[in-house]
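The primary structure of each chain is shown beneath.
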Amino acid sequence: MNMQFRPGEQKGTEAVVKQAIADCDIHPTRKDPKGLYPYLEKRWRDHLDAYGALVYQGMVVGPLYPKGQPNASRRDAVPPEGGVQGSSLKFMQQQHLDPNNVALGIMCPLSLQGFRNLDLGAALARATNDWQVAEWSGQDSRLRASVVVANEDGEASAREIRARAGDKNFAQVLLMSRNTEPLGQRRYWPIYQAAEEAGLPIGIHAFGNSGHPITPGGWPSYYIEEMVGHSQCQQSALASLVLEGVFERFPRLKVISIEAGFGWAPSLAWRLDKHFDRLRSELPHLKKKPSEYIREHVWWSTQPMEEPDERQHLLDVIEWIGWDRLMFATDYPHWDFDEPSRVLPAGVSKENRDAFFLGNARQVFGIAA
Amino acid sequence: MASVIPDGIDCDLHPALPGIHNLLPYLSDYWSDQVTNRGMVDLVSASYPLNSPITARPDWRPKAGKAGSVVAELTRHALDPYGTRFGICNPLYGVQMVFSEDMATAFCSALNDWLAKEWLDKDARLRGSIVIPVQSTEKAVVEIERCAADRRFVQVLMLVSNDNPLGRRVYWPIYEACERHGLALGVHAGSNYHNAPLAVGWGSYHTEDYVGQAQAFQTQLTSLIVEGVFAKYPNLKVVMLESGFTWLPTYLWRLQKFWRGVRMETPWVDRAPQEIVRSNVRFSLQPIDAPPDPAMLERVIDHMQSDELLLFSTDYPHWQFDGERVLPEGISSDLVRKIMIDNPLATYPRLNA
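Sequence lines, in order, name chains A and B.
Residue 1 is where the first sequence starts when you use my numbering, and the numbers rise one by one after that.
Residue 1 is where the second sequence starts when you use my numbering, and the numbers rise one by one after that.
If you are wondering where the hints come from, they were derived from the structure by calculation, not from laboratory data.
Quick caveat, the model's predicted, so the values are computed rather than measured.
Even for Gly, the Cβ is constructed at its ideal location relative to N, Cα and C.
Careful, some of the hints might be misleading.
Here are the simulated DSBU-like cross-link-like pairs (lysine-lysine), alpha carbons at most 35 Å apart as the crow flies [what the hints assert, rightly or not]:
1. A:LYS31 x A:LYS42
2. A:LYS288 x B:LYS122
3. B:LYS257 x A:LYS350
Over 12 Å on every C-beta distance to chain B, these chain A residues come out as not near it, computed from the model [claimed, not checked]:
4. ASP76
5. LEU118
6. ASN179
7. ASP336
8. GLU351
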């Protein structure tokens, strides 16, 4: 976890050829609140000017849980030409893509889903996707876009996915973990059907506004509770996908869990299996054990890496999940950025390192060197 | 397989109230009339539908009525086979779901009196938990004060999911009373369903709710730690009941990492979350969400970095294990002793009196 880097810190490693990496969670941001206006019809520009974009929470300006620092971003990631962190492709290249030898960068634009007005949601999703191509992936071939969708409207989402199918700018469909209902529910199935047809994995990124408190026991007080709580949301969202039979219905669907940790995956799978064994009469639509669906259909991005006192403990957990299931991510430009050179302990085999840093992502996204 | 040793302490037994009419002798005339005249029959939580396989192990399920409603059966099934010295009774009756704090208070008092008279009086091995009307902190504290004089009550019982997260200051007078009386705070699986049972909403299945209890415990443990409950009440012991525990190590890795990053937000948390858990939080053994291989469970227990966290439980009559295989494979005899005897005695001061 690094809030800031001084340029001098990486000296001495430059002579060594750095491992090429895939970064499965990069956050490009709009230069200002009107950054998407060139991609929106006048009707929606006027709407945003008058009413803003209502989501399932009480504020239109200001966070419920103020972040630890502005924009939850590294202070050193502000572009020299101005604008917020993550808004300049040139500076992202200089600060991150080039020095960290990023061969493949998957972009996950945030705060563009979960709108109460479904038509606005569909318009913003389309604009976001055009913007990613025009200003990012179309300008740097290392970067790939996510198909942002109007998540609460399954049919509109499916149309957007079909419109982007076959476009090599797009690597995945993006959802957030928190929606008005658990993600396995049928209202979201058109999204899975369209993604499966298009051969695009579903990336489920932590966050989102659902209208539900981030604990099953009410609204907590602090930002740290929201941050830690994203992993519990992700667990429940994944349990919902499994128990609703989404992977039975869409057998070629791939799911990537993004920025929600991965250490919890084994314990969740054991718990699901144990209670599935007892309660399977409730779930006749499942043909396999929950852990088998997870093993076959789910991958995890790594940031923020869990950090036990004993590094061996982390390696135990990775063994249980599988070295073929983790995909490195930095979360650039956010403050809890994971630095690639420090993220794995010594002693990991070259084969596992290569899979972790690049190979698994190439395989899941179907993007060759 | 690790063997059970005698004189153990079973920290999670569920005596069942057959029906609300069993509370009538313990209710005031007013509430007794309310129950009768308004046609109230029972209060059964959605967490444990009566015929769900989880709710009662098949060989513990009686031909009629609720499993766990007969003292002699509970002791024969859960205490006698293991030579148990004490068994702590945690009644799960739907008093937390009702919205009226007056009704909840009347029912909780009656339930506690019922437990003392019809269970604790009947078998000297049994100990009790005080069920409180969480709908009103003030009334909850009054109920704790009322019951605390009976030293057979060793714990105060809450559900894991309530209107507000457990660390919230609104509940602190309850924790103050627990600490002052030497009562542990037992936090049991279950929700009052005033919020969705999952942080992502309402699922479709009972299985989903039950699996989701583990995530509920994780969020509530975060709340207890970061709100500063253990800085304010350093002698308070919180026991997570029917929570599972294999999630604990990786959960703490994440919490501890973020605490290092944003501890300026909660400056009163002056010890690492891992240390706080080691000194103040305990977990009942069952259900064990165990990996398929006992060697992996050994690794998980190693990841916990403490042999003081687990407390023996059968979770009777819930179906968590078969036969007498209450202890998992993969734990040492030293750990069995800690789990069955030393840790419970250190957690519940009233058991030593």
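Hints versus structure:
Our distance criterion of 35 Å between C-alpha atoms is met by LYS31 (chain A) and LYS42 (chain A), whose separation comes to about 19 Å. Between LYS288 (chain A) and LYS122 (chain B) the CA atoms are separated by roughly 46 Å; this puts the pair beyond 35 Å, and the hint is violated. Using a Cα cut-off of 35 Å, the hinted pair LYS257 (chain B) and LYS350 (chain A) holds, with the two alpha carbons roughly 27 Å apart. Every beta carbon of chain B lies more than 12 Å from that of ASP76 (chain A), the smallest distance being close to 16 Å; the non-interface claim holds.
Against chain B, the non-interface label of LEU118 (chain A) holds: every CB pair exceeds 12 Å, the least being about 18 Å. Distance to chain B contradicts ASN179 (chain A) as a non-interface residue, since its nearest Cβ pair spans about 7 Å, not more than 12 Å. For ASP336 (chain A), the non-interface assignment is contradicted: its Cβ lies about 6 Å from the closest Cβ of chain B, within the 12 Å cut-off. The claim that GLU351 (chain A) is not at the interface with chain B holds, since no C-beta of that chain comes within 12 Å of its own (minimum 22 Å).
Consistency with the previously given hints fails for numbers 2, 6, 7, ordered from lowest to highest.
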